[in-house]
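Could you build the full structure based on these sequences and the hints that come with them?
There are 4 protein chains.
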Amino acid sequence: MAFDFPQKVLFKHCDPAGIVFYPRYFEMINDCVEAFFSDVIGVPFEVLLRDGGVPTAEIAVKFRAPSRHGDRLILSLEPVTLTPKSFALKITATCAGEVRFVSDSTLVYVGSDGRAAPWPDAILTPLIQFSEDTP
Amino acid sequence: MAFDFPQKVLFKHCDPAGIVFYPRYFEMINDCVEAFFSDVIGVPFEVLLRDGGVPTAEIAVKFRAPSRHGDRLILSLEPVTLTPKSFALKITATCAGEVRFVSDSTLVYVGSDGRAAPWPDAILTPLIQFSEDTP
Amino acid sequence: MAFDFPQKVLFKHCDPAGIVFYPRYFEMINDCVEAFFSDVIGVPFEVLLRDGGVPTAEIAVKFRAPSRHGDRLILSLEPVTLTPKSFALKITATCAGEVRFVSDSTLVYVGSDGRAAPWPDAILTPLIQFSEDTP
Amino acid sequence: MAFDFPQKVLFKHCDPAGIVFYPRYFEMINDCVEAFFSDVIGVPFEVLLRDGGVPTAEIAVKFRAPSRHGDRLILSLEPVTLTPKSFALKITATCAGEVRFVSDSTLVYVGSDGRAAPWPDAILTPLIQFSEDTP
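Chains as they are written, first to last, in the numbering used here: chain A, 248 to 382; chain B, 248 to 382; chain C, 248 to 382; chain D, 248 to 382.
One thing to keep in mind: the hints can contain errors.
[Claimed, not checked] In the BS3-like style, the derived pairs of lysine-lysine whose C-alpha atoms are separated by at most 25 Å in a straight line are:
hint, chain 1, residue 1, chain 2, residue 2
1, C, LYS337, C, LYS255
2, B, LYS255, A, LYS309
3, D, LYS255, B, LYS255
4, B, LYS309, A, LYS337
5, C, LYS259, B, LYS259
6, A, LYS259, B, LYS332
7, B, LYS259, B, LYS309
8, B, LYS309, D, LYS309
9, A, LYS309, A, LYS337
10, D, LYS337, B, LYS337
11, D, LYS255, D, LYS332
12, C, LYS309, C, LYS255
13, B, LYS255, B, LYS309
14, B, LYS337, D, LYS309
15, C, LYS309, D, LYS337
16, A, LYS332, A, LYS255
17, A, LYS259, A, LYS309
18, A, LYS255, A, LYS309
19, C, LYS337, C, LYS309
20, B, LYS309, B, LYS337
21, B, LYS309, D, LYS337
22, C, LYS259, B, LYS309
[Said to hold, decoys possible] If you want a taste of the chain D side facing chain C, the calculated C-beta under 7 Å gives, among others:
hint, residue
23, ALA264
24, GLY265
25, GLY289
26, GLY299
27, THR303
28, GLU305
These are computed hints drawn from the structure, not numbers from a lab. The C-beta atom is built at its ideal place from N, Cα and C for all residues, glycine as well.
Following this line, the structure appears as structure tokens:
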């Protein structure tokens, strides 16, 4: 089952054209991933970051339709590929069923020295569970 | 010749790990494109946006190495594909020659009604010139 | 009764020292005021802004103690002074009872022409009610 | 002599009303202070922050007139009060001579343990010089 993250479009997200300024979508995407680690993985970023990090190695986003102030978006996070050192995920943002953007990104794990490392078990186990539960 | 946009990494760009928080890169990318329209195309966004807009239809970024507070980046913008209704561009960000990220994005033109439209001549002509000058 | 707005300190709010970068507090303050208009006044910004606006005329903030990633803040909004054309309010942000910052700001109303104007009744009436209910 | 920091109002600063969203002013203010430490004090934040920090203890801003996309602002930083442990400064932002906002803020010094401490000589000496040169 996908992880759903609700996000109302607020004044701060919008540009002079009255639609979301696209760099703000990347803050929403990051907030969604942060909530996913807290709520689904059970390792909140504020704990995870004491010993390591989960930088985004790459991200590609297609913007399908503009979002306006007050729109109630749902960012829906699904697993794509899990490897010992990476996790590819897709986030589809919709408003009342209309797709607004689709994001494909890959997270990697880095240890406290900032170097790539395998997922610790405390993260890997729930990532496997989530991947199995969300086919 | 590519359009070079210098950007020092400032305090506001950096996260608790001391490196650039990646959504801030998208603000830098937008600033680079805004400066390109002002300096190369000769139609600053504050003029262009009176009658239309140039939304980003899609963007894909690969983060190659982290950037730290104080790093002096150069965002180098090159043309990829120009069509009557779109402009694909690549931005390569380097610091002292080391690549930090590579961004591929596509801009489209929308008229004052928010609908896709062909590039106005005032934008198309310098885009053609830039594309020819930057093989 | 004060209007309470919960805000977890997220990764995006924090600086290289691991504490909230203070401009991010102003986004939280704005989000709190936006939620107050939506939830208490009954006129969400996305509706209000069709015909006018509520710019902040001045704001003064004292930062009492730093906030760290993961802290669960409560921004508590109280009325200070209501006039026909302005609304002064105080926001006290606390974490587990410790004050993190105190903000004093004044909102004014502007009409669709961007000029100062009296509060419309649809806003004034609930502002009076809130002021009376929160002595 | 005041320290002048030029800042063009960019697309990213502006809200649906087409004017600067006020939390973005605080990023400009921080950028101005960061440039001041780099250019005038001779201790860039990326160096200063290795051993300490200069948090803003309080800030009060009056917004006098809105700023629009494309406006070329000058943020002019002047000293107000220098003490062994604090530095109060005023920033006046103008566009073509019209005042847009006036900010009064107080910086303090904290050591690597995050506790308030006297200014190190490397910072105090140029702060004294700046204060004497800008009566």
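| Checked against the structure, which of the hints given earlier come out wrong? | 2, 6, 8, 10, 11, 14, 16, 21, 24, 25, 26
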